[in-house]
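Chains as they are written, first to last, in this note's numbering: chain A, 2 to 168; chain B, 2 to 168; chain C, 2 to 168; chain D, 2 to 168; chain E, 2 to 168; chain F, 2 to 168; chain G, 2 to 168; chain H, 2 to 168.
Just to be clear, a hint being listed does not mean it is correct.
[Claimed, not checked] Covered stretches of chain A (chain B as the covering partner; in silico rule of three or more C-beta atoms under 8 Å from a C-beta of chain B):
(1) 92 to 106
(2) 119 to 133
(3) 143 to 153
[To be verified] Going by beta-carbon spacing under 7 Å, a handful of chain C positions derived as facing chain D:
(4) F28
(5) H78
(6) L80
(7) K107
(8) T113
(9) I131
(10) L139
Keep in mind that the hints were calculated from the coordinates and are not lab data. For every residue, glycine included, the Cβ atom is placed at its ideal position computed from N, Cα and C.
The chain contents come next:
Protein chains: 8
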Amino acid sequence: MSRVAIFIGSDSDSDVIQEACRILEDFGVPFSLDVTSAHRSPDRTLRLVRRAEKEGAAVFIAAAGKAAHLAGVVAAHTLKPVIGVPVESAGLGGLDALLSTVQMPKGVPVSTMALGKTGAANAAYLAVQILGLSDPALRDKLSRHREDMAAAVEDSSRALREKRRRA
Amino acid sequence: MSRVAIFIGSDSDSDVIQEACRILEDFGVPFSLDVTSAHRSPDRTLRLVRRAEKEGAAVFIAAAGKAAHLAGVVAAHTLKPVIGVPVESAGLGGLDALLSTVQMPKGVPVSTMALGKTGAANAAYLAVQILGLSDPALRDKLSRHREDMAAAVEDSSRALREKRRRA
Amino acid sequence: MSRVAIFIGSDSDSDVIQEACRILEDFGVPFSLDVTSAHRSPDRTLRLVRRAEKEGAAVFIAAAGKAAHLAGVVAAHTLKPVIGVPVESAGLGGLDALLSTVQMPKGVPVSTMALGKTGAANAAYLAVQILGLSDPALRDKLSRHREDMAAAVEDSSRALREKRRRA
Amino acid sequence: MSRVAIFIGSDSDSDVIQEACRILEDFGVPFSLDVTSAHRSPDRTLRLVRRAEKEGAAVFIAAAGKAAHLAGVVAAHTLKPVIGVPVESAGLGGLDALLSTVQMPKGVPVSTMALGKTGAANAAYLAVQILGLSDPALRDKLSRHREDMAAAVEDSSRALREKRRRA
Amino acid sequence: MSRVAIFIGSDSDSDVIQEACRILEDFGVPFSLDVTSAHRSPDRTLRLVRRAEKEGAAVFIAAAGKAAHLAGVVAAHTLKPVIGVPVESAGLGGLDALLSTVQMPKGVPVSTMALGKTGAANAAYLAVQILGLSDPALRDKLSRHREDMAAAVEDSSRALREKRRRA
Amino acid sequence: MSRVAIFIGSDSDSDVIQEACRILEDFGVPFSLDVTSAHRSPDRTLRLVRRAEKEGAAVFIAAAGKAAHLAGVVAAHTLKPVIGVPVESAGLGGLDALLSTVQMPKGVPVSTMALGKTGAANAAYLAVQILGLSDPALRDKLSRHREDMAAAVEDSSRALREKRRRA
Amino acid sequence: MSRVAIFIGSDSDSDVIQEACRILEDFGVPFSLDVTSAHRSPDRTLRLVRRAEKEGAAVFIAAAGKAAHLAGVVAAHTLKPVIGVPVESAGLGGLDALLSTVQMPKGVPVSTMALGKTGAANAAYLAVQILGLSDPALRDKLSRHREDMAAAVEDSSRALREKRRRA
Amino acid sequence: MSRVAIFIGSDSDSDVIQEACRILEDFGVPFSLDVTSAHRSPDRTLRLVRRAEKEGAAVFIAAAGKAAHLAGVVAAHTLKPVIGVPVESAGLGGLDALLSTVQMPKGVPVSTMALGKTGAANAAYLAVQILGLSDPALRDKLSRHREDMAAAVEDSSRALREKRRRA
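So here's chain A without its partners, still in its complex pose (with noise of 0.2 Å):
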């Protein structure tokens, strides 16, 4: 069973997504990871979500570049909470997936995240709160994760003023 089904549109985005999956890896979540894409594979791309959604699927997360529509097209397919991330590309820096990715019409909800690996990462974030709404125990480990972040932006901060200490 897979509470999260990320798809992605196309493999030279899986280095992009790859921070997504580590982070529900170690919240402990159970995921798919699907290569589709909502033009070369638009019959597939449809399979994939009714399958993610029989499996038990609570969350998609889509990560795709350009004129990304992926999550679009599994958001017109589901009821279920959709994640988009755009994926930076050369020439216009990714603005053209944010935008085909947020601009989305009435009805049909992406949840977008900021572009490329900031992005998949949040993605996950976001799933994992979504999820913990009714476990309270995912809730606990968020909570502690956000306390190490915190705790990490003081080491850093401590590293940094070491660092110019002996410089």
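With chain A's structure known, arrange chains B, C, D, E, F, G and H on it following the hints.
Coordinates of chains B, C, D, E, F, G and H only, in the frame set by chain A:
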């Protein structure tokens, strides 16, 4: 008890958020609505986040324009999903609000919607989708609503053809 | 039998597509016009693509705004040329629709036109150019139309000079 | 006899257009390739358009960067479909070439593709789609190619899963 | 004899170019004004460039919107300085016209002005500056005009202070 | 004696700067207001900078649109803090003024505010903050003003809730 | 005692802020440097603002990338001048950080500098200008530094001419 | 005696301006080259403008990046044509320099070229075109150069075809 806590950065955003309120009412989802500013009333914003959590809010919606930090500030103080609605303004047309809302750092996601009224409506729909994960009745209403939407598209197509025939 | 199948993403786009219809009528090219949404009525969109192909459509035109996926979805389900017309909207001025339409991935082209009414008119002209490749009569009409266009430019120049002289 | 006439604005664009040539060769579509500039060799551009038409070209492809006028100039001198490929450059990332190519005035459409190599490949696919309208054998090849594309997506998905399993 | 040849891409640009005409008249510089389109009347555009050169034009001004190729086409057919005025339009606000005008390839410069009416006025001033290089009387008029401009700034400052005092 | 010297690039910017004047008056900070252009009255601009310094100006505010050089020119001729207010204009919506104001080279900072009226108001607040560093009474007024702002947010929230209850 | 409190949103910004530290050291202005995040360590950020104020900070500098809220959060909790340095990142090239920093709402200004290292250096210069208002020695150093800068420009001009002569 | 006075805002722009120098040398046009900054050495900039005018400069060229005010400052102090070359920089890719250069106010035009090296080369060509208006020998050289350019395009086309044949 409010399941969704809505914040707007200024009362000039109340027009934009209207539709979100109407949709939540239609779905029978209890919500609260407050004006609070990330910058002009930062302490109040924190107090409202804590109060909303105590009163049972599972999802936050924050709408703001320009350097739209409201959703980000809320997200920094809760582990619940936070939905951001960037509001258009003259000049940069909302690109400022969109980027300020969506480009959140790793660890603190804001689920970003489309600009303006469309985004406000979709924030409500996404909140319903999230709450629907553990509420079968809400899920059923969503499902019927999707069918109505598709039917409405068909109706408007028929109406358009009719209008052209007469013209 | 319709040689061109036109889809618009919402009846609010009917104003934009008007000129395309008028031009196809002027050239005597039979066409169909339907409202259908990539996101709100995805199944209907597929059905319409299949029906149009059966009824002899050689070219598709799809006009949509914001995260304009309609042309892309059509292109994913047909091997016929698909012409996309990005529609302006408030805020980002149509840059979202333009990038969502044009930045298609390898293998699934969308022939993208200018924004708005100009693009809608040109979608019709391009459809006529494509159909004209195997229709000498249509080609002749196009040729005459080009000459008329050039003559109209000359007329407007004369009118302007006349107006300035009198002023 | 060449069915497709390809023009590039400068030999620095030859890398970008490569893929278009390869695809046309794969589909067995005869084409010509010439360097010509809308601005530095305007007369030559006109001569090449006329020659290409005489030699049977049904479709034009023009790739250029910056103030990319090449496709527009070709479109002003032919009634055949003209496909424009905007080429990225440093600085503005190709937004200049994209807007210069796509924002054509009413009456003279340029069928605009995505930026760079993706757009060049898609220019070839669109040319094949247009030629396929009156060439059943070409249509069959296109149809098989689409299936291969979908299969390739599935393969890359399997490969990714395999790779993750081993890691 | 016209020293400056002005072309506008469409009669809808006549409003924008008005101010350029008025300024040239004020400076006593003879000019011609024609509507001609790079795309809809390419042959006419060439004819007009040649005729203008024969009639003594030393400077060209071309105003156009969207994929504004008019100045570039003129520059490709003359060795005289060509001044381009990008015209705003709805949607992209003139960024398309600006980039299409300014990003010319090496060897064929277009002297680009600000967007719209300001740019049209400045095109006239620049033409006067260029003609003034070999016309001392014109140079004197320019010099006086600059002083008047500075005086006008001072006047408006006084008027503003006066207005505030009374308020 | 004026503690703040305000310059606007044209009397069409007087509307924008209004609010800055009102705020400085409310805080009892003496200021001067002059129209002067970096380009049309460069000598006057220099004279005004020198005069303002002599008359005790500690902070400069400069508001201008388009290629907004006014603040930069002032900053090049003083060592006092210079606050720049970019003014929106049609077309590019003020992005031109914003970038021209903020992207100053190393060594000559311009303290850039938000676009338009909001930025003008904030220029006044920042001037008060800077002057307040050595003026405890001003600091107290600022402090009370901040509290009033927070209270105003709370009032508008109450008013909105009231309005919704009645609706 | 620190007169300037510098915050960076992540230790990856320490490279950017380096130059600001060096300049403050050159001018003999005591400062503190801490890593703290508006979103990952919001409580720490508040504590640091309060501590800095107690320890005598007169000016704050905050550097951050993407949805750069750090300067805004600091500005919401102090009445001292806050200088924001937007940091570039891949993809949108810093436009996100620039708009998130500069487009602050009325009442809570952030004095925004240029992107990246240039902006960091200028944040230090602006801090020195502000502190110099009540510190004649600092003002003198600034004045000499400006002269050195002008002399350095002249030197580089000579060096360039020299280099060209030899080439 | 220098007919063209070239200014660059910093020695880091010397690479960009190189090509302009080479072209002016090829055409035998005497020019001067100086580094001077609108902001860091404003007095020097004025002195250089006056000196250049005395020494016979008929055209100014100014290249600068970011908030590129150099050309504008020069234009404010001369009645000769001023050509601006916006220089790309990291982050915003030169859009800042382009808008700062081109969006000049009414009355003070800057003749703006393309970004970077292409624009620098074209600044030289435009200077030659302007000087050529009263110098038939220069005009002849320009005319031959245009023919060479067209021939070079043809050569590169032949070379490309040759290369493809061999591959």
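Problem set entry | Violations among the numbered hints | Per hint list: 4, 5, 10 violated.
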